[in-house]
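Heads up: the protein sequence lines correspond to chains P and B, in order.
For the record, in the first sequence the residue sitting at position 14 is 14 according to the numbering used here, with numbers rising by one throughout.
For the record, in the second sequence the residue sitting at position 45 is 45 according to the numbering used here, with numbers rising by one throughout.
To be clear, the hints were calculated from the coordinates, so they are not data collected in a lab.
Be aware that one or more of the hints could be misleading.
[Said to hold, decoys possible] When the alpha-carbon atoms are kept at most 30 Å apart in a straight line, the in silico DSSO-like pairs for lysine-lysine are as follows:
1. B:Lys48 x P:Lys34
2. B:Lys48 x P:Lys93
3. B:Lys12 x P:Lys158
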Amino acid sequence: MVEFFLQSPDLVIFLVLLALGYAAGSLAEKRHYKSIEKRERELVRLAVVTAEGSFPPGRVRQAFLVSGSTVVSIDYFKRLLAILRNIFGGRVKAYESLVDRARREAILRMKAEAQQRGAGMILNLRLETATIGRNANRKNQVGSVEAIAYGTAIVFNK
Amino acid sequence: MILTNVGSVPGKKIVEHFGIVQGSTVRAKHIGRDFMAGLKNLVGGELKGYTELLQESRNEAMQRMSDQARQMGANAVVNIRFATSSVAQGAAELFAYGTAVRVE
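Construct the complete structure from the given sequences, taking the supplied hints into account.
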């Protein structure tokens, strides 16, 4: 058994990476979700809408663009799961959580910027995703996902 | 320069339209960062180098767009949209466009 593994170093490397990806990946995801949920609760008072909205004259003091972005990468284990999923079809949970994390993080960063500058509301939220990085142009391989969130922050007159 | 992504500048009245302005930039990060990102690809998580890179590039694209608007005599750009595309491996293009206007 030991000899078999010693004779195939590729397999050993593969298994080590798989284990590393699984352990580190799920730990990182759990931590990230915890932090996302905590910050979402903190920023829940700052309303974000996808509508353009209109205000009575004299109500708005300042309007400016705010944005947030993040690039999140998937781990080795989940990438393998997703490739296997390609064979059978169906929901690719690994990627669902990846894009979900990226978008929520981007929105949170945008909200944090808006709050720091004294905004009371964000209008016309837009979300954009793109795949970037060294795997971006390869077929069947999502390397990492970038999510951008942007909108118009409104500072109200008191 | 006032920048918004709604059709107007809330609280202000648009007095003149100048049409579309745009700015774009293509960026790549040095090999060291790409290598680090490659390692991070094994364990997953945020690629801070790339986040930073895209943030810088987007600011650059917006700067170019604002400069163009300023040359036209505008003092605001409304209805801004962003787009990202990967032009080649390891290089990303960031593109920003909007409508240049003058508000009172």
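Cross-check of the supplied hints:
no., hint, verdict
1, B:Lys48 x P:Lys34, "19 Å, holds"
2, B:Lys48 x P:Lys93, "24 Å, holds"
3, B:Lys12 x P:Lys158, "17 Å, holds"
Checked against the numbered hints above, the structure breaks none of them.
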